[in-house]
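K.L.:
Protein chains in written order, with this note's numbering: chain Z, 2 to 417; chain G, 917 to 1117; chain Y, 1341 to 1433; chain U, 72 to 1071.
FYI, nobody ran anything at the bench for these hints, they're computed from the structure. The beta-carbon is built from N, C-alpha and C at its ideal position, and this holds for glycine as well. Take the hints with a grain of salt, since some may be wrong.
Just so you have them, the derived chain U footprint on chain G, three or more residues with Cβ under 8 Å [claimed, not checked]:
#, segment
1, 950-964
2, 1021-1033
3, 1037-1046
4, 1073-1084
In silico BS3-like pairs for lysine-lysine, Cα to Cα no more than 27 Å straight-line [unchecked claim]:
#, chain 1, residue 1, chain 2, residue 2
5, Z, 290, U, 1035
6, U, 601, Z, 19
7, U, 1032, Z, 96
8, Z, 4, U, 604
9, Z, 269, U, 958
10, U, 476, Z, 269
11, U, 439, U, 476
12, U, 213, Z, 290
13, U, 1032, Z, 269
14, Z, 3, U, 601
15, U, 453, Z, 4
16, Z, 4, U, 1035
17, U, 206, Z, 96
18, Z, 4, U, 213
19, Y, 1390, Z, 218
20, U, 604, Z, 19
21, U, 453, Z, 269
22, Z, 198, U, 601
23, Z, 4, U, 601
24, Z, 66, Y, 1390
25, Z, 66, U, 501
26, Y, 1370, U, 958
27, U, 601, Z, 290
28, Z, 19, U, 468
29, Z, 66, Y, 1417
30, U, 453, Z, 3
31, U, 124, Z, 290
32, Z, 3, U, 124
33, U, 956, U, 1035
34, U, 206, Z, 3
35, Z, 290, U, 589
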Amino acid sequence: MKKYSVFTLARHALDRRKSWSRAWRDPSPKTSYDVVIVGGGGHGLATAYYLASEHGINNIAVVEKGWIGGGNTGRNTTIVRSNYLWDEAAHLYEKSLVLWESLSQELNFNVMFSQRGVMNLGHNLQDMRDIYRRSNANMLNGIDSEILTPQQISEIVPIMNTSPYARYPVLGASFQRRGGIARHDAVAWGFARAADKLGVDVIQNCEVTGIRRNNGKVEGVETTRGFIGARKVGVVAAGHSSVIAEMAGIRMPIESHPLQALVSEPIKPILHTVVMSNAVHGYISQSDKGELVIGAGVDSYLGYGQRGSFSTIEGNIAAIVELFPIFSRVRMLRHWGGIVDVCPDACPIISKTSVDGLYFNCGWGTGGFKATPGSGWVFAHTIARDEPHHLNAAFGIDRFVSGALINEHGAAGVAH
Amino acid sequence: MFEMAAMRSPLNSLHGEDVPHVEFNGITLTELPFLRHYNVRFQPDDQQASSRFRQLLGFDAPQGPNIFVVHEDNLCAWLGPDEWLIVTPFHAKDSLDYALNEFAYGDDFVTRVDISAAQTIIRATGPKAADLLGRGVSYDLHPRNFQAGSCIQTVLARASVTLFAQSAAAVTIDIVVRRSFAEHLWNWLVDAGQESEFHSL
Amino acid sequence: MLLIRCPWCGLREQAEFSCGGEAHIVRPLKPDELTDEQWADYLFMRDNTKGWQTEQWVHSGGCRRWFNAQRDTVTYKFGISYKHTDPKPEDGD
Amino acid sequence: MNQKNRLPTGGQIDRSQPVSFQFNGRTYGGYTGDTVASALLANDVKLVARSLKYHRPRGIMGSGAEEPSALLQVNRGARSIPNLRATQTEIYDGLKVSSVNCWPSVSLDALSLMNWLSPFLQAGFYYKTFMYPRKGWMFYEKVIRRAAGFGKVSSEPDPDRYDKINAWCDVLVVGGGPTGLAAALGAARAGARVMLADEGQQFGGGFLRTESEDNLQWVSDVLRELEEFSEVRLFKRTTVAGYYDGNFLVLNERLTDHLGNATTRNAREKIWRVRAKQVVLSTGAIERPLVFASNDLPGVMLSSAVSDYINRYAVKPGQNAVIFTNNDTAYRSALHMLDNGVGVGALVDARTEISDPLFDKLAHRGVKMMKGSVVVRAQGKKSVSAVEVMRLSADGKSLEGTPEKFDCDLLAVSGGWSPAVHLHAQSGAKPVFDDEKACFVPGPAFQNEISVGAASGNFSAEKAVSDGYQAGISAAHSAGCQVVDLPVIQEVSDAYTSEYAIRPLWQVPGSGSSDRLKRFVDFQNDTTVKDIKIAVQEGYQSIEHLKRYTLLGFGTDQGKLGNINGMAILSEELGQDLIQTGTTTFRPFYTPVTFGAIAGREIGPTFFDPVRKTAMHDWHVEHGAEFENVGQWKRPWYYPKSGETMDQAVNRECLAVRKQVGVIDASTLGKIEIYGPDAAEFLNYVYTNSWSNLPVGSCRYGLMLGEDGMIMDDGVTAKLGDNHFYMTTTTGGAAAVLSWMERWRQTEWPSMRVYFTSVTDQWAVISIAGPKAREILTKVAPTLDASNDQFPFMTFRDSVVASVEARIFRVSFSGELSYEINVPSDCGKDVWEKVFEAGMEFGITPYGTETMHVLRAEKGFIIVGQDTDGSMTPVDMGMSWIVSKNKDCLGKRSLSRSDCIREDRKQFVGLLTEDPNKVLPEGAQLVELPTDARPTPMIGHVTSSYFSASLGRSIALAVVKGGKSRMGARIHSILMTGESVPVSICNPIFYDREGERQNV
Ligand SMILES: Cc1cc2nc3c(=O)[nH]c(=O)nc-3n(C[C@H](O)[C@H](O)[C@H](O)COP(=O)(O)OP(=O)(O)OC[C@H]3O[C@@H](n4cnc5c(N)ncnc54)[C@H](O)[C@@H]3O)c2cc1C
Ligand SMILES: NC(=O)c1ccc[n+]([C@@H]2O[C@H](COP(=O)([O-])OP(=O)(O)OC[C@H]3O[C@@H](n4cnc5c(N)ncnc54)[C@H](O)[C@@H]3O)[C@@H](O)[C@H]2O)c1
Ligand SMILES: Cc1cc2nc3c(=O)[nH]c(=O)nc-3n(C[C@H](O)[C@H](O)[C@H](O)COP(=O)(O)O)c2cc1C
Ligand SMILES: [Zn+2]
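Make the full structure from the sequences, and use the hints.
P.N.:
Structure (structure tokens):
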């Protein structure tokens, strides 16, 4: 496979007979693998990549029921940050952020990680207490974090409505400059290509329909393309985690909800920072193509439909127009939904299970895109060593029994 | 020692001491302040309670959903399978109070709560009133669907409300709204009333 | 936007309702006697069914009654709505 | 006003109303009824835009929603709108529009050199470069970003209003072409409530682009009849933008943009939220362009658009045309051109068998009819000047013969028709591929919907009318209308009916001379055939990967023209059927919708969220209160006297309460009447403590847990009678607590005999606190014996206060002698004023939430949500005394889980800073020792922190790991500034630890 660089690009441009090779192969499933990863989203592909690159396991298949990156990886608002409240979460997301910072070079695929800064707004006194609490914790955890006054906010984002007369005025914000956005599809493609290069089989249009077990130990997966044997199976199926857990006779503390996002028509760049507001519920950034990328809240009912209700979008847009009155005349191009796997404490499960050789990585809910490299990295460790890395030790499924939840709801301003 | 307390409806402050009233586009909005409102609870299958209700109040509490009945001074609306709203004018307060007290004393699982100060009524009148309310109400207010005598509990401009179709063709609709939301709802209706396009439904 | 049938008030718009999640999760009568695992199962573990499931809804903007409704979590189509006092019907179509 | 290409007669424009408008700073003329596109063409303006990536010159290609290229900036200043399609923007006097994405001008665009760089810029190039050095992307991105986007957003807030309304109907007809009009008529005659919406400025759809007077007459006859039905509503300029679950559709009506500067009171746009029992989709079909070299040049236009411009707008889009088609529809356009003075040099038809009745007629009129041929290339710099034509091989895969060149300034293309299945697909149905017609047609319906007319792949006008009519009637029937014998609908005759015959042609094969030229598939995103090939080579072979890798269909047109060709070319490359390739997902909206309209009126200080006010609100305003938002409520925060800072005001208010007396409006507390024989038992379940033995007339504090054992809410509940309690909740928790209790009662314990009624709004609460409180109470409630014996702490009394029947609770959140006087809200302000008057002689001071917070912090009382965060148990908060050992309650079982009984959990404590004047920030983290090493382990955080005027020093509440057993320990807070503040752990009760003051 050719390395991507400006030189290969030029050679291809100048020599029309040259053609690009496949970014990843289209292999047929082998009869068995050391590890089968279920789910070809960013997390699954990253897991495969790190299993191969960090743990020397190369006999791996990633099986994806549709096309890789077509799940939440392909439909999220791409916000990346690590300023989480609780130590366990903060360290995990920070590991991920550090990986993001050199991911394009590592994968030799430009994932366009743009560290343009992420702002979380506070609209009431309790928001401001929570912002101080979280920022201060970030600082002590060695994660960059600032607290901004409304004045500073309007210097960075002059188009924001920081009027004290607003219904819920902006009282301040936390700001992580190292946060930003990335090109979501490229993350899936880049990991797939890099994993493929290390020998991983990326198998699309192959749905897992059963988990074969014997004596409490996993033997492989039944798929729409036949049985595939495996010594270990890592499930990274996001919204479909419960469905696969059921195949293995496991119960999960997860609910799958629709989460919606939308884009405007492309306009000339005007918003250079990511802005999030939990209180008025909207978050927004402007992509490098010019469209405003906006996220809404979850719909309250379970939904595997990859779509949600219009009323959610209405409230979301009202919040955006309230914060950015000049966007009133911009027009919405398209809105869509994903299926987010929500845990009661809004934190993931990255864990062994009661079935030997079966591992789950799920529950990322509304905010796992930012964790893609870190999640893959710790999950690869967990699968390879059959024990969690210290970074994901707290994210076991047993915490729901002991009560050691990592409550990133509320105080942490958890969202995307 | 103390004089009778001066009562204020939640909308008083909008218009001095007058009863709030505006007209636009053939729609009139006015407040019906200081009516007496009671929340009444009893089990519909409690035969004794039902018959005492009839005896003391002179009518049956409506059994079906989405309807209200009017008997003399009292309006009685279905709010739930074991819950009713009774509204009566100020002057009829004492006799209703008496009847409801009697009613409640007879049974330990019958209750009535005076919520007169907890809510008020905004009356919207005019052939286009339903069109105005339709800006916030998701229920179909077309007279084919919302006939005189209908009452529905729904959400209007993010406030919980109960709507009464007081006349045919939805010409008069009474909106029961919680006190603390009343000013918001009033402002909202007046704002929506600025639109120049209104239709009769 | 879903149209939901309240067993009392009839068909109303989603805006008047709140969803309460999976139905028929019974609170253990003697929590004290449960192991932590059993308690966790009641507290947190969910079927999270893909397809027809029975769930709780409340007509919060209407009559404030809770009821159960069948719904397909993929198509979002509703089956039967019924009161808590009614028996659990068969799964929807 | 020189409108060179305007036909002398005809068209739907209003010649009595000439209009002048500006394009790129130059003034042009047109008429009311023109779009920007038709008026520019009338003025012979062809070059209107530059493409996104290569900055190639672009013109007007379509005449409606499908237009990919002619996106303009409309208006200046606050009313400026980006990205409007010239083809759907109506002109009015004074309108100003301009091209975007070009500098210095559309004809001299500096960035057009991008075209030369294009070999580097092919699909996916971004992913392959700009990676080095590591931080390089931040630099490259800045440069690349400059080229992003089309139009500009205005720098001023939007001055316009937007309206929104709910509507219900029996039948919603989408699209007011012949099919839709007939459907609406059928449904209306059947007695249905009908809504008919069309995005255009006029009804008539495809009939408007025919030459037939009869057709127009038919349209106006039908409209006249429709207008007579009171239950029929007709919507022009109204796009049905989205089709959702539950047969819910979103309509976007544009009310004022076309009126321009004429003053109007109207909202600019209106969103209709429609619930339709039945939907008739008569959305017509969209003509497809053809894919050949340089097919994007200005002057290349859809043949239906040519007919539209000629017949509807009386504009000749060119003088000398060539037509390139693979189906019959373009023959009709040829006739339109010839009849209106546009020369037709050649009609190039890919088909070899042609049965169209017009074939001979056209040949007769001198058109060179070229069967089995294709245009391989358009020539010209900034617009078409000639085309090259060659013969197509029988298998369609190669070219034959030598190119023949035809000069022309207009190339009308027709690649066949694609039914507008967007809404059908949005509703959840799946379009299927029809091989015969070479297009996707609607599949089985998923909701109550039917597609008819061109939208269903039936492209004949006559059938459109009768099918539409029938569809309307049966929709009405399905919606519950009684359908009795209805008159038949007036038929429409067509002199030139032809069967729709097509030879699929998804791309013209490459020829030697044109191989290096670009063949565009998606015009807006500059996606070419080559890009698709590269994507396929690289493995991006799912249609969804192709879309994301090449941006096919990603534009503001959502691929209305390009998608089908792109999907077909992908299929050809992969050697698979189109149905195997499938479509990408159709999503709302059909065309983009203004944010402001979607937001509607629920924005701004008044309407973004309801403002809830207490009965005494006006008094607070009159007395200078600053307000705090607490949920939706406005609560007085503090009452600064003139010149006072917040700190000074709060200190004064605090001292007044401790030394004399203060009064606070506590009306926002949630209040619930609980009644029934099982009321006490129910409380035993929702509160951690026991309620069985509370005497009537007493009050008790209660704590509620979630089932996970974490603190959820708290408040005081009084026992009013045997079966009767009055519960208070936190302001923010009021609604949640009520529904929590209802839920348990109704779903889990349906046999419990207890009722809940919210009375939050019923009672205004005037809370007086301070040593002088009793004296005031005695003054305003002269009949009450308020002595400590008769009315002790934690009891309540009914009494008359200021002539109003009141419930008085002797409870205290400040630690002082305190009474909460509840009176019906309509008397709230009056009683408040009388209490205040009575208190004047005692120095009564109104205080706000800030002072309340300080006073309770001095007493170590928690505020749920501030001192707790959803991860704190009663044990953590030092409140194990309130969890009864003798009964179960919600959440209790969770408290014995292994993690909840750890000794080193965070526990509630007080903190004192070494420097008494240092007030810690709330939220500040706590560590053992100050250190610069990161990460630094944290052992807790500050939940509340104030300067206490009564104590003359700062105080703080916090949660600290194992804090209860560390009294006196010295720990630190490291602030955001880096400053480290030493603090010592102490008992969280700072003031009157014995609680004597509230008991006097
Ligand atoms: C609208 C929206 C906005 C969001 N915004 C953000 C944000 O701004 N920042 C952020 O950090 N996170 C965000 N998220 C969350 C984020 O997208 C996800 O947490 C993350 O992408 C999950 O990645 P994944 O690889 O685990 O899941 P996915 O990408 O969903 O991958 C799971 C894959 O498993 C496959 N699969 C499922 N079942 C089977 C089976 N039986 N056999 C084979 N394959 C199967 C699926 O097809 C899918 O491709 C958002 C999510 C949504 C929906
Ligand atoms: N002979 C052919 O090959 C061919 C091909 C296509 C169309 N036609 C002609 O088209 C006509 C068919 O009539 P028809 O009524 O089915 O189609 P039509 O094209 O005449 O009408 C469709 C109408 O729907 C409107 N519309 C589309 N999507 C909309 C939306 N989302 N919201 C609001 N409005 C929307 C359009 O503005 C248009 O006015 C006949 O005259 C037929 O001859 C012929
Ligand atoms: C960050 C981001 C930006 C997007 N930008 C666009 C866009 O500019 N144009 C567009 O049509 N869709 C855009 N989409 C939406 C996709 O078209 C698509 O709707 C989404 O990936 C979900 O997939 P689906 O609609 O095919 O189910 C974007 C999606 C994301 C996640
Ligand atoms: Zn109901």
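K.L.:
Does each hint hold? Answer for all of them.
P.N.:
Status of the hints after comparison with the structure:
| no. | hint | result |
| --- | --- | --- |
| 1 | 950-964 | holds (count 3) |
| 2 | 1021-1033 | holds (count 8) |
| 3 | 1037-1046 | violated (count 0) |
| 4 | 1073-1084 | holds (count 3) |
| 5 | 290(Z) <-> 1035(U) | violated, 56 Å |
| 6 | 601(U) <-> 19(Z) | holds, 13 Å |
| 7 | 1032(U) <-> 96(Z) | holds, 26 Å |
| 8 | 4(Z) <-> 604(U) | holds, 20 Å |
| 9 | 269(Z) <-> 958(U) | violated, 64 Å |
| 10 | 476(U) <-> 269(Z) | violated, 41 Å |
| 11 | 439(U) <-> 476(U) | holds, 12 Å |
| 12 | 213(U) <-> 290(Z) | holds, 12 Å |
| 13 | 1032(U) <-> 269(Z) | violated, 51 Å |
| 14 | 3(Z) <-> 601(U) | holds, 20 Å |
| 15 | 453(U) <-> 4(Z) | violated, 39 Å |
| 16 | 4(Z) <-> 1035(U) | violated, 61 Å |
| 17 | 206(U) <-> 96(Z) | holds, 18 Å |
| 18 | 4(Z) <-> 213(U) | holds, 25 Å |
| 19 | 1390(Y) <-> 218(Z) | holds, 26 Å |
| 20 | 604(U) <-> 19(Z) | holds, 13 Å |
| 21 | 453(U) <-> 269(Z) | holds, 25 Å |
| 22 | 198(Z) <-> 601(U) | holds, 26 Å |
| 23 | 4(Z) <-> 601(U) | holds, 21 Å |
| 24 | 66(Z) <-> 1390(Y) | holds, 16 Å |
| 25 | 66(Z) <-> 501(U) | holds, 19 Å |
| 26 | 1370(Y) <-> 958(U) | holds, 11 Å |
| 27 | 601(U) <-> 290(Z) | holds, 21 Å |
| 28 | 19(Z) <-> 468(U) | holds, 23 Å |
| 29 | 66(Z) <-> 1417(Y) | holds, 24 Å |
| 30 | 453(U) <-> 3(Z) | violated, 39 Å |
| 31 | 124(U) <-> 290(Z) | holds, 10 Å |
| 32 | 3(Z) <-> 124(U) | holds, 26 Å |
| 33 | 956(U) <-> 1035(U) | holds, 21 Å |
| 34 | 206(U) <-> 3(Z) | holds, 23 Å |
| 35 | 290(Z) <-> 589(U) | holds, 22 Å |
Hint violations for this structure: numbers 3, 5, 9, 10, 13, 15, 16, 30, all remaining hints satisfied.
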